[in-house]
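Novice: Use the sequences and the hints to build the structure in full.
Taking my numbering, I'd label the letters of the sequence shown as residues 481 to 532.
Just so you know, these hints were derived from the structure itself, not from any lab. Because the structure is a prediction, the values reported are computed rather than measured. Possibly wrong hints are sitting among the right ones.
To be verified - The calculated label-pair distances, taken between Cβ atoms and stated as ranges, are:
(1) 505 x 528: 37 to 47 Å
(2) 507 x 527: 37 to 47 Å
(3) 497 x 527: 33 to 43 Å
(4) 503 x 523: 34 to 44 Å
(5) 504 x 526: 29 to 39 Å
(6) 527 x 501: 36 to 46 Å
(7) 495 x 526: 18 to 28 Å
(8) 528 x 507: 40 to 50 Å
(9) 525 x 504: 31 to 41 Å
(10) 526 x 501: 33 to 43 Å
(11) 526 x 490: 24 to 34 Å
We put the beta carbon where it would ideally sit given N, CA and C, even for glycine.
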Amino acid sequence: VRIEIFTEAEKANEVVTTIARTVHHGLDIDGIVAVLPVDDVLHIREYREKQH
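Specialist: As structure tokens, then:
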């Protein structure tokens, strides 16, 4: 299972902590949480040329 969550940088630590506390079972299969920067998001449904 892969879940992607996008949030403001200021909330990232809180989101990661909440996920870890909720799903932790102490097993090898617990998985990982990766935090990656997102420079931009484009909603395809509402596509518009980006203004520079």
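Novice: Each of the hints needs a verdict: does it hold here or not?
Specialist: Hint check:
1. 505 x 528: 37 to 47 Å: With Cβ atoms ~44 Å apart, the hint holds.
2. 507 x 527: 37 to 47 Å: holds (42 Å)
3. 497 x 527: 33 to 43 Å: 35 Å Cβ-Cβ, so the 33 to 43 Å window holds.
4. 503 x 523: 34 to 44 Å: violated (29 Å)
5. 504 x 526: 29 to 39 Å: Roughly 37 Å apart at Cβ, these two residues keep to the hinted range, so it holds.
6. 527 x 501: 36 to 46 Å: At 38 Å between Cβs, range holds.
7. 495 x 526: 18 to 28 Å: Given a distance of about 25 Å, which is inside 18 to 28 Å, the answer is holds.
8. 528 x 507: 40 to 50 Å: For residue 528 and residue 507 the Cβ distance comes to about 46 Å; the hint holds.
9. 525 x 504: 31 to 41 Å: holds (36 Å)
10. 526 x 501: 33 to 43 Å: Check passed, 35 Å falls within 33 to 43 Å.
11. 526 x 490: 24 to 34 Å: Given a distance of about 25 Å, which is inside 24 to 34 Å, the answer is holds.
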